[in-house]
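Here's the letter readout for the chains.
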Amino acid sequence: MKHLFRYGFILTLLITVFSCKKDNYSAPGTFLTGALLYNGDSIYVERNQVTYQIYQYGFGSVGPIGGSFAQDGTFSQVLFNGDYKFIISNGQGPFLWKQTSSGAPDSLAISLKGNQNIDLQVTPYYIVRNAQFTYTGSDTSITATFKADKIITDPAMAKDIERVSIYVNKTQFVSGGDNVALNNMPGGAITDPNSITLKVNMGGAVRSFVPSQNYVFVRVGIKIVGVEDMIFSPLKMVTF
Amino acid sequence: MKKILSIITLAIFLVTGWSCKKDSDFLEVQPNTFLTSDQVFSDPKLVLSVLADLYNRQVDFSSLNNGWASFADFSESFPSESGSSGIVQRTGWGYGSWGVDWSGSYNYIRDMNLFLQRDSAATKLSDADKKRFYAEGRFLRANFYFELTKRYGGVPLILQPLNYDYSGDTKYLQLPRAKESDMYDFIISEAEAIKNDLPADFNEKSRASKGAALAMEARAALYAGSIAKYGATTPAVSLPGGEVGISAGKAAGYYTIALRAAQEIINGNAGPYKLLTAAGGASAAALSDNFANVFLLKSSPESIFYKDFATGVTHGFTTNDQPYSFSDEGGDAGRLDPSLNLAEQYEKLDNTFAPFATTNNNGTPIYYDNVQDIFAGRDARLAGTILLPGGTFKGQTVDIWAGYVLLDGSIVTSDEAGHLKSIIPGGPAVQVVGKDGPVNGLEFRTQTGFYIRKYLDPTVGSGRRGQGSTTAFIRYRFGEVLLNAAEASFELGDNATAAMYLNMVRARAGLTTPLTAGEITFDRIVHERRVELAFEGHYFYDMKRWRLAHIVWDGTPTTLSDLKTNIGSAKQHSTQPWGLWPYKTYFPGNPNDNKWLFKETLPSLVTGVNRFLFGNYYTFIGDDVRAANPQIVKQPNQ
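Quick note, the sequences are listed as chains A and B, same order. Note that the first sequence ends on residue 1192 in this note's numbering; no numbers are left out. Note that the second sequence ends on residue 661 in this note's numbering; no numbers are left out.
What the hints contain is simulated information worked out from the structure, not anything from laboratory work.
With a straight-line Cα cutoff of 30 Å, these simulated DSS-like cross-link-like pairs (lysine-lysine) come out: (1) B:Lys594 / A:Lys1175; (2) B:Lys594 / A:Lys1151; (3) B:Lys444 / B:Lys458.
In isolation and in its complexed conformation, chain B is listed as follows (with noise of 0.2 Å):
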């Protein structure tokens, strides 16, 4: 009995000795998987961290990581891969085309509010520090809603954290879409407010600086310049409230904010921007390697702004449309072809436009020694953009043909790519189409007779899919700087400086014959910035802007003289992506034996048109957007 109540004491003092002095430390231990926003917001790193993850949620009309889908599209190029026939096969877009996820950016959009609410309520940051982030806060949100105002015209601008006070009414929170000219007002008022607290840092091309800031602003007042100006002639497009239309007026105040953003960066302010010129000579092979260069060198004196990849993030565009026969993943290539309706843009070196010459004027083919002698005499950034037939990468000649012509006219060719056949019957087999294409429905090789080569990465391993590419995307580049100088000086009227900003971009890619003043158009800058900008995610937002989408694509089918007729014209009209296809002669004892010849060529996929209507102009808001806020107006002809 005694032992018993020995033990039970000797247990009660343990019991209670322990206990007492536990409690309280047991239930308040600090949690170990995740941070309050007081502790983030104390220490540059974990801030710098949370602002990683807002800068990867910026969208991107198209993108290396988005999808090659994304740089598709709008008879710019052919999808050659089965899956994406409805590219081309499609009659038109859906009104709700080009929408990104509505809730999504929302959320995004209260993160960014979020973040800027804490970071200016933090005490622990130096102000230096604080000041950086909130800048850079601003800038992710204002070139946020640019990319909103781009599909949508005016959404609702939220620049607080709204929160809900669970009484059942949510009316407080249904906020209506702004003015388009509204946002864009928003957009150059932040660049401006921030520029300054942001590093001039030419070397910070991954964070915003000031370069970024001042590149958006001058973009942005561009956009609102020509909504302005252009809207007027589609009054269709707008609506009485303003979400969706800036009146006339207004133009040339916005593209005078734009001139003088461009210039800021142009002389210099944000830091010592430039073209990327040529080391190696002014040879056309130099021009263009220096053209592809600017989307691979990450420090390149050119690029203002990009999404960055890295070892372990990277994408897989090069992956998605390297040539066929040297891919390095075997069937995974080829999927993007830049069509003939984009590569005949790029002018001669006399700036003049000009088809490829195929035929004579009596119809006879013209016959070339060299598959390349055809693109020769012209603008570089044909060959920096475009992989052409008989053109390299990664030290390999593409092998682009489509078979042999014999002397009757009579074609041989194989639906294999590479296939051995006879040319004659009896004769030897040989190679009768081109490892690289094209065959008509033949995926994964060309079928325009072209390849992509703007930001196609010749790293070694870039094009397996386990390594990846890790290439950036550039969203602001002094190139496009010069190009939107030199459209609001023209839209000035100020001709002079157009000429001057335009020929600086013309003369890196070889057109060294300066434009005078006095040719200076409204198609000149078009062209331009549809040749120098190709596949950088701007030729489908100009085309509306400048209200010249539903001419360009009008859903009447393109056909042979379309295409080679009105080149350089604005409203040329290109519905169906075309191909240019070389072919070998066989003409045994005549003096154009073994020469190559090209042929014009619709793909036969291509059985659609690109129609663009008066809806596809604002993207459909949501049913269910607009069933939750009934403040919000639906967009013009939906």
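Pulled out of the complex, with its shape left as it was, chain A reads as follows (with noise of 0.2 Å):
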């Protein structure tokens, strides 16, 4: 009985100071952050939808770490040190990323040896710039103005505004599928592109929140033709 004890001793012993050290992986500790620049202006997305792809070769099968970039256009990856590669597909964003001659995207070269901020420079087809949002309390509305500065001119690339549309929420997320109230102007209707002015009725939007808030989230927002997520003005608090 005795004995037994003493082996058990020995061994729990044994296990304990050898486990630790040899088994685990420390968790992945170094930060990737990064955000989307055109000549350093931000380039302002809808949350979750554009998406982009880290690789790590010569661990065997090929698979992509995924992630997707916040509504200012930042992204933030914890990762281990290492050889990495990054792309964005393509069909991915309101703008255009470096492709390879036989059209595939280009990839980033990033050796992360501690964390790591990186610019991802791309052109966007469109920028939403000088935007201004006023509120109107005898009809709870909000106009804004801005412009659409179109940034691809190239005819063979260049690609129209299929609509304009502005976006009110209640909380910091403002995009198409996050709105208590919006409003859309057909591409066709601009008259002036350097001065864009769209009016959003929020109606009873705003008296039904619950619980009740002076303020609302807004963004303007433009959907370009044959291009799926649309380019946004940054966000803007507007209180009543």
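Since each chain comes alone in its own frame, lean on the hints to assemble the complex.
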């Protein structure tokens, strides 16, 4: 009996001493962060809709580590140190990502040796500039004025505006999928892209907030013909 | 000693005597647990049993034995089962949605290829048997590739069993995806090659027939034609290698093939198929019953090819979806509730579209004497597809109403169907909600005001879990062939022929005023398929091939005005399933007392919206598959 205890004790000791050190990898702890930029301007998109893929080679089967950009065009991913390749798939985002001559998305090599922040240079079809929002109390409406700045002008690649939209939501997530009020204007109705005025009447939506709040978040976005993801203005909080 | 010697001699004699004779027999006993392929392919009955397994492994987008939820989604219905609310609470679909098990599929394809190889090598089968089995195998293989193509676009087109040579090098087994057009060309050419080897037997519905091959050909060619034509509107949904997307120049060719194949069936070359028409006169109820019978009568002249069920091989569709209050199985009922979005698509008898009239122009409710009055004067397929409030099933009337409306507009209802409650304080306790719903969040009872009628089996006991229903799931039917012919004619610019075929389908549904050639538009074609083929697994693929899916399911919530306008338009958006809830009035002393009024209601569980991305047009091919075979290119926009 005494022997049994002694062996048991030694065994437990051995297991505890050796197990922790050898078996487990530490969790990934290196932050890779970045933002979509065009000449220093942030690219604002819809949350969870524009995705990126990170590949790490040398571990057998190839498969991406996926993620998506936040509303303000930033992303953050926790990884191990190592060599990665970063791509944005064709057709993702209201912008062009560099492509190889065969038409596949070109990869960005990242050698991760500690927390790193990268700028992802992309070329958007349009950028929303000078977005101003004013609240009118008499009809609980918000009027936006902004400029749709056409960045890609090469006729072979340029695309028209399908519509512009204004979205209002009670939380900071504001887009076609997350809104309490919206208004659209078809691209054909835009007379001057340098000064677009778009008004949304919030009507009863504002009064039905539970709990009530005296502010909303608002953005305008441009839907481009043949491009799925919209490009947005920066988020604005409007108080009333 | 002498005794021992003689015993040993005897023993040796016995051992040698018996052992020598038996050795070879003992080692060469015929196995009695499996048959070799030579044995199988020498007896037509055994070949048929192998073939039965191959038939059984076909896949359907929705089928009666692959879960009621396979019929749900796309805002055509509401899932009234708490565990399935996710269908109406998500904000889109993953890229992997609607996929099939990739390796399972190629195992199946290998088995079909082996079957074809062994059948063609068989020496003891009669030529007639051999030829028919061979054609059936090719039909199943083509039909399965069609199913894959609808989901994935081009996939590796493997027509021979592949064998690994154990060399350690698998490169020669890594085949690239075929072009999407090659897939459709393959299906069309297979159908042409086998159609005359299959029996032109009108009564052969659960095995491949000439009609089935032609129906498959017509549908495949139509899909290819529309992908070519409407794919041009979404250039982002294509791949440079043609694995996804078909060039627009090929559209007319495919439409011509679709029309020819459909007309072969319509002209009776494959057997006397025709629409099932009502025997009991042309009353609205008779027409509706007749339409429901298309899916119940196995001998219907309309069905061409179906997945059959029989005693012992049953399905639980009726168990899952029967009305709650007279369910055969207690709480098992009411899961699949058609939406108002679908119900209001059914036209009025003068061929116009209108929402169900719930209010006057000034917003005051319209009062009806009977709960069914609001649905009167509509396409008979409405009541044939959907079990409406006040409709009957198995001789009983469904009890669907959401509560009492009082004169001040307030509503008296309960959160328990059939609950007794006083309408006014101190009054007698009466039932304040229908026994079949609707109550928000109360599962197994309708939450839209409708139950499904299509496929619902009125046979006694069909709703019991143990017994189940034996109705067949129709994969190809004559009604669809007519619609395929109509669409192909329309796309080829022959509106008069298109109108003729559409009118045949519509006349059966009681829409006796024919559409003229001038009235045939793309929207009409889209609309007719949606209402005729509702819940038959077509709507989703139709929306995909017309490239309408990202427009109709655009991710913005469906408002009441969205719902009531643009009905009949192909681009009417439909992202959330609405309901139509009937209420009884309690207006003592008022002429409108004890009448019915209706309210369009978005079930409170509906919090998500349908959002179909470009990346959803073709289902994601797994990373494991692409890692194992780097030749397989990724789908666009994923």
